[in-house]
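Asks: Please model the entire structure based on the sequences and the hints provided.
Under our numbering, the first residue of the sequence shown is numbered 20, with each subsequent residue one higher.
Hints were generated in silico from the structure; no laboratory data involved.
Where a beta carbon is used, it is the ideal one built from N, C-alpha and C, also for glycine.
Just to be clear, a hint being listed does not mean it is correct.
[Stated by the list, open to error] List time: in silico DMTMM-like cross-link candidates among lysine to aspartate or glutamate, alpha-carbon distance up to 25 Å:
#1 K83 x D142
#2 K68 x D44
#3 K197 x E169
#4 K83 x E169
#5 K158 x D142
#6 K141 x D77
#7 K106 x D142
#8 K102 x D142
#9 K196 x E45
#10 K115 x E154
#11 K116 x E45
#12 K99 x E154
#13 K83 x D137
#14 K106 x D86
#15 K34 x D44
#16 K102 x E205
#17 K102 x E169
#18 K102 x D85
#19 K37 x E53
[Unchecked claim] Simulated restraints, written as ranges between beta carbons of each label pair:
#20 V105 x K128: 17 to 23 Å
#21 M104 x P27: 19 to 25 Å
#22 P153 x G176: 34 to 40 Å
#23 F198 x D142: 35 to 41 Å
#24 I134 x G204: 29 to 35 Å
#25 D44 x G157: 29 to 35 Å
#26 K65 x I220: 17 to 23 Å
#27 N207 x T54: 20 to 26 Å
#28 K56 x M104: 32 to 38 Å
#29 G157 x K68: 14 to 20 Å
#30 V203 x K121: 34 to 40 Å
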Amino acid sequence: MVNIQVVPAHPSNKKAGKLTHFAIDEMAKVILGETSKNRINCQLQKLWKKRGNRFSHDISYVAKEDDRVLGAITCASLVKIEKSMVKTVLEIIKMKKLKALKIIFSNPKKLYSLITMDEGNKDEFHISMLATLPEARGKGVGTRLLNFAEKKAQKEGFKKLSLTVVKDNDKALNLYKKFGFSIVGEINKSPFYLYQMRKNI
Numbered sequence: 020m021v022n023i024q025v026v027p028a029h030p031s032n033k034k035a036g037k038l039t040h041f042a043i044d045e046m047a048k049v050i051l052g053e054t055s056k057n058r059i060n061c062q063l064q065k066l067w068k069k070r071g072n073r074f075s076h077d078i079s080y081v082a083k084e085d086d087r088v089l090g091a092i093t094c095a096s097l098v099k100i101e102k103s104m105v106k107t108v109l110e111i112i113k114m115k116k117l118k119a120l121k122i123i124f125s126n127p128k129k130l131y132s133l134i135t136m137d138e139g140n141k142d143e144f145h146i147s148m149l150a151t152l153p154e155a156r157g158k159g160v161g162t163r164l165l166n167f168a169e170k171k172a173q174k175e176g177f178k179k180l181s182l183t184v185v186k187d188n189d190k191a192l193n194l195y196k197k198f199g200f201s202i203v204g205e206i207n208k209s210p211f212y213l214y215q216m217r218k219n220i
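Replies: Okay, here's the thing in structure tokens:
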């Protein structure tokens, strides 16, 4: 743990697409209309390199041990994250071109559920994504990233930190509860079933 530092993310962070995929899992398939892990990772990596979308490096931070990235977190005011959704959709359309229409028409209900998802309240600092690489688990990387997000939220004047977590992700749920988060609501929009969690800071 002593050598782990959390620093602003960079477009060149090579594991970013993979880490984002770990965090959003099934949502990535819906957003990108892909089932191949490699293709999803590659496309999320492209979004990471761009600015202003909700998967972008410019609202993300990485946990590093020496020069090795072990985990990442995307966090900002919920207002900023919600505003970035439009840019996200436009970037995906630009990247997928005509295939974007196929995504829309093959998954209209799932896409609608995702885009209209209520992740929290306007007065919250929101963690949009948190993931660690399998080889880094058990090193306290997740806790280090959560501590970083909490301090950043406080520095920006927020009193509440929020996130959502898939209901059957017991490991993540236990980590968040241990860190002081409480379940404050549920999202039940098929196929997405999540808990809304909040911590007063």
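Asks: None of the hints should be skipped; say for each whether it holds.
Replies: Each hint, compared with the structure:
1. K83 x D142: Outside the cut-off at roughly 30 Å; violated.
2. K68 x D44: holds (19 Å)
3. K197 x E169: holds (14 Å)
4. K83 x E169: holds (18 Å)
5. K158 x D142: violated (32 Å)
6. K141 x D77: Between K141 and D77 the Cα gap is close to 20 Å, so the pair holds against 25 Å.
7. K106 x D142: holds (22 Å)
8. K102 x D142: holds (14 Å)
9. K196 x E45: OK: K196 and E45 at ~23 Å, within 25 Å.
10. K115 x E154: violated (32 Å)
11. K116 x E45: Between K116 and E45 the Cα gap is close to 22 Å, so the pair holds against 25 Å.
12. K99 x E154: It is violated: about 32 Å lies between the C-alpha atoms, which goes past 25 Å.
13. K83 x D137: violated (32 Å)
14. K106 x D86: violated (31 Å)
15. K34 x D44: holds (15 Å)
16. K102 x E205: It holds: about 22 Å lies between the C-alpha atoms, which stays within 25 Å.
17. K102 x E169: Since the Cα atoms of K102 and E169 sit roughly 21 Å apart, the hinted pair holds (cutoff 25 Å).
18. K102 x D85: Violated - the C-alpha atoms of D85 and K102 are around 34 Å apart, more than 25 Å.
19. K37 x E53: holds (14 Å)
20. V105 x K128: 17 to 23 Å: holds (20 Å)
21. M104 x P27: 19 to 25 Å: holds (22 Å)
22. P153 x G176: 34 to 40 Å: holds (36 Å)
23. F198 x D142: 35 to 41 Å: violated (20 Å)
24. I134 x G204: 29 to 35 Å: violated (18 Å)
25. D44 x G157: 29 to 35 Å: Because 20 Å falls outside the window, the suggested range is violated.
26. K65 x I220: 17 to 23 Å: Distance hint for K65, I220 is violated at roughly 34 Å.
27. N207 x T54: 20 to 26 Å: Roughly 24 Å apart at Cβ, these two residues keep to the hinted range, so it holds.
28. K56 x M104: 32 to 38 Å: violated (24 Å)
29. G157 x K68: 14 to 20 Å: violated (30 Å)
30. V203 x K121: 34 to 40 Å: The hinted range 34 to 40 Å holds for V203 and K121, with Cβ atoms some 37 Å apart.
In the structure shown, a violation is registered for the earlier hints numbered 1, 5, 10, 12, 13, 14, 18, 23, 24, 25, 26, 28 and 29, in ascending order.
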